[in-house]
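Student: Position chain P relative to chain S; hints supplied.
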Amino acid sequence: MTPKIKKQWFAFQNKSIRYLISFLGIGSAVIFNGCMYGSPVVEYGTPSAVFKVTGKVTSKAGEDIQGIKVVVERGGVTRTDGFGIYKTDISDFPEDQEYKVQFMDDDGAQNGGEFVTLDTVVKFTDPKFEDGDGEWFSGFTSKELNVKLEKKK
Amino acid sequence: MTSSKIPLRKKIALELFRKFKKNTAVIHQLNYIFWECTLRCNLNCLHCGSDCKKEASTTDMPINDFIGAVDDVTAIVEPNKTMIVFTGGEPLLRKDLENCGKMLYDRGFPWGIVSNGLQFTEQRLVSLLNAGLRAVTISLDGLEKSHNWLRNNPRSFEKAVQAIGYLAKTDDLKFDVVTCVNERSFAELDQIKQLLISLGVKEWRLFTIFPVGRAKQNPDLQLSPESFKKVFDFIAAERKKGEIKINYGCEGFLGGYEGEVRDNLFFCRAGINVASVLIDGSISACPNLRDNFGQGNIYKDSFKDVWENKYSKFRNRDWLKTGECTDCEFFRYCEGNGLHLRDEKNGELLFCHLNRIKEGEKMISES
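The listed protein sequences correspond, in order, to chains S and P. Okay, so the first sequence: first residue is 1 according to the numbering used here, each after it adds one. Okay, so the second sequence: first residue is 1001 according to the numbering used here, each after it adds one.
Keep in mind that the hints are not guaranteed to be accurate.
Stated by the list, open to error - BS3-like mimics (lysine-lysine), calculated; alpha carbons at most 25 Å apart, straight line:
no. : chain 1 : residue 1 : chain 2 : residue 2
1   : S       : K123      : P       : K1241
2   : S       : K123      : S       : K52
3   : S       : K56       : P       : K1358
4   : P       : K1358     : S       : K100
5   : P       : K1240     : P       : K1358
The set of hints was computed from the structure by calculation and includes no laboratory data.
Next up, chain S with everything else stripped away, as it sits in the complex:
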């Protein structure tokens, strides 16, 4: 095996290991997060893209729910508005991405009663980007994630 083919083989193995580790729920375990004193995440410095996640949160009965806390992995925290709508942006490397999303009712009985927390995932597969700068910024891509929350019994 030539050194080049050997390296390609190891790179292939690493890609598989990355998926296996993710499958085990250790998340992005093989991301390189920079070094001590170093700037963060090499891969995110550039190229980059913005992944937009938007959606509507309703009850099983179809009523809009205001004030639901939406925690998007790497996207921070936002809340639904009076129409149950939420929006968040994530800056990331322009390739297939997957983010954990949690919908949590932390305002008690306000806004239509208490709802059960929902954990889910939003996947960007083969994303198409728009409005890039033709250089390092690939542009924007978006996904709609609408959810229905169940009332606590």
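Tutor: Just chain P, lined up with the frame of chain S:
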């Protein structure tokens, strides 16, 4: 959560990750280059172990010397996937930073800086962005009193917060805040978090000061074992809340805390993916790996040749199985901690994160 209990699922992941690390060491793809562009610094921090001074006797490296080394190594890297980070000293003391940044930008390299924020102005930021700046790390080591104490300057907190404010509002910039946790700032972690969130910061990294150099002489700089363990509990709890993306720094195998307090499992990539060009031209791995860790010098050697043919002690860490690592059951995952925590002269381990956490767990359980 405890450090010694590692669930089966995580053990399987760690075993897989061992293979990943070994493969990565063979692939040996350079994708992160530090440039120690100056030793001059506008602060005199209590915990600083470097030789930095306001007027360093070592002159700054000329830009063209560094660019020459980058051009030499370009044949074996993908510029767009290779981050170049200016470190120091305080990089912003160089007035010609933008010239170097623009030359890197023209070659397709992303670049970033690590700064204390003291010299950051809105105008300078615009100027750096125009030269292709893509990533910034700012240090904030506590609330005002604690930060100014550690940084040894009454205005350092105000200036760092001002810089953070500018940077948090800047689009398309990878930006994070780094906090070196000591016994004073440990008590303030929750307030620091609130401050950062209010400033619009999305990413926060915590480090702990290890008892070496000046930090060894000053007990205020060291975390007690209990506080040390509690730092990891704090990070794990905050990651679940998700209000801010929080990570522990790159160092230390953390046993049961692996996968809970940072995005990645422990992997010291020094010399595996990371190289440094130090102020005197030395080619090393991380900027804090000097002396015996040097692999060549850009004034005598080809950076490309050095990367391709040297770095054996970084790629195979078996030689680090000495001292307290000799009988450690976790050496297979840890490989002797980060190389910056090994003595530059004899390679001895200076600090073990896992043992310190265990010490903290024991003290807490006995109290």
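Student: Does each hint hold? Answer for all of them.
Tutor: Hints versus structure:
1. The hinted pair formed by K123 (chain S) and K1241 (chain P) meets the criterion: a straight-line CA distance of about 21 Å does not exceed 25 Å.
2. At most 25 Å may separate the alpha-carbon atoms for a hinted pair to count; K123 (chain S) and K52 (chain S) meet this at roughly 11 Å.
3. Straight-line distance between C-alpha atoms of K56 (chain S) and K1358 (chain P) comes to about 46 Å, which puts the hinted pair past the 25 Å bound.
4. Annotation: proposed proximity of K1358 (chain P) to K100 (chain S) is violated, straight-line Cα distance about 31 Å (limit 25 Å).
5. As the CA atoms of K1240 (chain P) and K1358 (chain P) are separated by approximately 23 Å, the hinted pair is consistent with the 25 Å bound.
Hint check: violations occur at hints 3, 4; the rest are consistent with the structure.
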